[in-house]
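Please assemble the complex out of the two chains, which come individually in their own frames, going by the hints.
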Amino acid sequence: KQEVTQIPAALSVPEGENLVLNCSFTDSAIYNLQWFRQDPGKGLTSLLLIQSSQREQTSGRLNASLDKSSGRSTLYIAASQPGDSATYLCVPKGDKIIFGKGTRLHILP
Amino acid sequence: GAGVSQSPRYKVAKRGQDVALRCDPISGHVSLFWYQQALGQGPEFLTYFQNEAQLDKSGLPSDRFFAERPEGSVSTLKIQRTQQEDSAVYLCASSALGKRGITDTQYFGPGTRLTVL
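So the sequence lines, in the order shown, correspond to chains V and G. According to the numbering used here, the first sequence is numbered sequentially starting from 132. According to the numbering used here, the second sequence is numbered sequentially starting from 158.
One chain only, chain G, in its complex shape (with noise of 0.2 angstroms):
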C-alpha cells in the first residue's frame, strides 16, 4: 500500500511569504505528527493530531506556525511570514493507532525540505 506522502518535496520562499506543506497520511491512520529537523539534527516534534483533533502543538516554534487536520485525514503545515530560521526539513508520520505513537510504529514521509531566503 502507499506509505506516507508530502509535498511539496522542496520550497524555496523569500523572507516574509507564507508556506504551506502537505501530508497525506497512511489510509486509515488515526495519529499524524508533524517535525521539524535541522541539518545533523534528530527530528524535534511540533504538533500531534488524533484524527482531527489537534491534541498537542507544544513544540510549535513561534504563533506564526499553524496546522490542521481538518477531516482527519490530511495535514497542511502552514508557516506565516517565514524568517530564515525556519529553513529545514519538515518530516511527517503517522501510527494506526490512537497513543501518540508510543506503542505502535510511526511511518514517515520523505519531508518537506524548506529554504527560506
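This is chain V alone, in the form it adopts within the complex (with noise of 0.2 angstroms):
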C-alpha cells in the first residue's frame, strides 16, 4: 500500500526566502506526481503536475522535482510571499491516488 510522508508538518519563514518541501512514498509504480496547495475553506488548486519519465517542472516560482526510483519529490519555492501561505499536499498517482497529509505553510510578512 502507498504511503506519502510530507516533511515538514508545517513551516513559517519570512517572506521573500526561498524554501523547499519535502515528499517522500513508498511505492514508485507511480504515472505522475501531483502538488497541490488548499486554502483554508477551500478545495484544492493544482499547481504541478510532473510526469513518471520527467526530473522536474516548472511554473513561475515554484518549481517540483520527482526522483520516482528513490521515492521522493521536492517542491522548491523562490522568493517566498504572504500569499503563499496555505497547505501543500504532495500526491504521487499509481493505480490508486494516495495524498499526502501536507506541510502547513506560512509567510510571515
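Quick caveat, the hints were computed from the structure, so don't treat them as lab data. Take these hints with a grain of salt, some might be off.
Unchecked claim - Simulated pairs of lysine-lysine, DSSO-like, Cα-Cα distance not exceeding 27 angstroms:
1. V:Lys232 / G:Lys214
2. V:Lys132 / V:Lys227
3. G:Lys171 / G:Lys214
4. G:Lys214 / G:Lys168
5. G:Lys168 / V:Lys173
6. G:Lys235 / V:Lys227
7. G:Lys168 / V:Lys232
8. G:Lys214 / V:Lys132
9. V:Lys173 / G:Lys171
10. V:Lys199 / V:Lys232
11. V:Lys199 / G:Lys168
12. G:Lys256 / V:Lys232
13. V:Lys227 / G:Lys256
14. G:Lys171 / V:Lys199
15. G:Lys168 / V:Lys132
16. G:Lys171 / V:Lys132
17. G:Lys235 / V:Lys173
18. V:Lys199 / G:Lys235
19. G:Lys256 / G:Lys214
20. V:Lys227 / G:Lys214
Below, the structure written as C-alpha cells:
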C-alpha cells in the first residue's frame, strides 16, 4: 500500500526566503506526481504535474522535482510571498491516488 | 467557465440523521471523485465515477455511505444514520478524461463541511 510522507508538517518563514517542501512515497510504481495547494475553507488547486519520465517541472516561482526510483519529490518555492501561505499536498499517482497529509506553510510579512 | 461546485457548503446533522451532499462537476468532465478529509489530514479517496458508472467504491467506509451519478453529470453522496466519526469535509473533484484522474489534472470543489452532533 502506498504511503506518503510530507516533511515538514508545518513551516513558518519570513517573506522573501526560498524554501523546499519534501515528499516521500513508498511505492515507486507511479504514473506521475502532482502538487496541490489548499487554502483554508477551499478546495485544492493544482500547482504542478510531473510525469514519471520527467525529472522536474517549473511554473513561475515553483519548481518540482521527482526522483521516482528513490520515492522522493521536492517542491521549491522561490522568493516566498505572504500569498503563498497555504497547505501543500503531494500526490503520487499509481493505480490509486493517495494524498500526503500536507505541509502547512506560513509566510511572515 | 464554472468550476466544480458543491452544496451545501456547511451541514450540521444530529446523530442518526441522513444527509445528502451534492456535487456539480465541470461540464463535460468524464471522471468524478469523492474524498473525505478529516481535520489535519490529506483527502482520502471514497469513490470514483466514469460517466454514470461507479467503477471504484473501495474507499467508502461503511454501507451507510452511498454515491450516485445517474446521468453522468451531477453526483450525490448520501450518508445514512450519520455518526460523529462522519464529521469531516467532503470534497468532490472532476477531471476531463476517463483515466481515473491519473493522467490528467483533477479540479476540486470547495467541499462540504459536515458536522455530526
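Okay, the hints, checked on the actual structure:
1. Our distance criterion of 27 angstroms between C-alpha atoms is met by Lys232 of chain V and Lys214 of chain G, whose separation comes to about 22 angstroms.
2. Of the pairs offered as hints, the one joining Lys132 of chain V and Lys227 of chain V holds, with about 9 angstroms between alpha carbons and a cut-off of 27 angstroms not exceeded.
3. Simply put, Lys171 of chain G and Lys214 of chain G have alpha-carbon atoms about 26 angstroms apart, close enough for the 27 angstroms limit, and the pair holds.
4. The straight-line distance between the Cα atoms of Lys214 of chain G and Lys168 of chain G is roughly 23 angstroms, inside the 27 angstroms bound, and the hint therefore holds.
5. Among the hinted pairs, Lys168 of chain G with Lys173 of chain V is consistent with the structure: their alpha-carbon atoms are about 15 angstroms apart, no more than 27 angstroms.
6. Between Lys235 of chain G and Lys227 of chain V, the direct Cα distance comes to roughly 23 angstroms. Compliance with the 27 angstroms bound is thereby established for this hinted pair.
7. With a C-alpha separation of about 24 angstroms, the suggested pair Lys168 of chain G and Lys232 of chain V falls inside the 27 angstroms cut-off, and the hint holds.
8. Note on Lys214 of chain G and Lys132 of chain V: the hinted pairing holds, with a Cα-Cα distance of about 17 angstroms set against a maximum of 27 angstroms.
9. Between Lys173 of chain V and Lys171 of chain G the CA atoms are separated by roughly 25 angstroms; this keeps the pair inside 27 angstroms, and the hint holds.
10. The hinted pair formed by Lys199 of chain V and Lys232 of chain V meets the criterion: a straight-line CA distance of about 19 angstroms does not exceed 27 angstroms.
11. At roughly 41 angstroms between alpha-carbon atoms, Lys199 of chain V and Lys168 of chain G are farther apart than 27 angstroms, so this suggested pair is violated.
12. With a CA separation close to 24 angstroms, the supplied pair Lys256 of chain G and Lys232 of chain V stays within the 27 angstroms bound.
13. About 11 angstroms separates the Cα atoms of Lys227 of chain V and Lys256 of chain G, which keeps this hinted pair within 27 angstroms; it holds.
14. Between Lys171 of chain G and Lys199 of chain V the alpha-carbon distance is near 46 angstroms, which puts this suggested pair outside the 27 angstroms criterion.
15. Under the criterion of a C-alpha separation no larger than 27 angstroms, the hint pairing Lys168 of chain G with Lys132 of chain V is inconsistent with the structure, at around 33 angstroms.
16. For the given pair, Lys171 of chain G sits about 35 angstroms from Lys132 of chain V by alpha-carbon distance, which is inconsistent with the 27 angstroms threshold.
17. Simply put, Lys235 of chain G and Lys173 of chain V have alpha-carbon atoms about 21 angstroms apart, close enough for the 27 angstroms limit, and the pair holds.
18. Straight-line distance between C-alpha atoms of Lys199 of chain V and Lys235 of chain G comes to about 38 angstroms, which puts the hinted pair past the 27 angstroms bound.
19. Between Lys256 of chain G and Lys214 of chain G, the direct Cα distance comes to roughly 16 angstroms. Compliance with the 27 angstroms bound is thereby established for this hinted pair.
20. The straight-line distance between the Cα atoms of Lys227 of chain V and Lys214 of chain G is roughly 12 angstroms, inside the 27 angstroms bound, and the hint therefore holds.
Checked against the numbered hints given earlier, the structure breaks hints 11, 14, 15, 16, 18 and satisfies all the rest.
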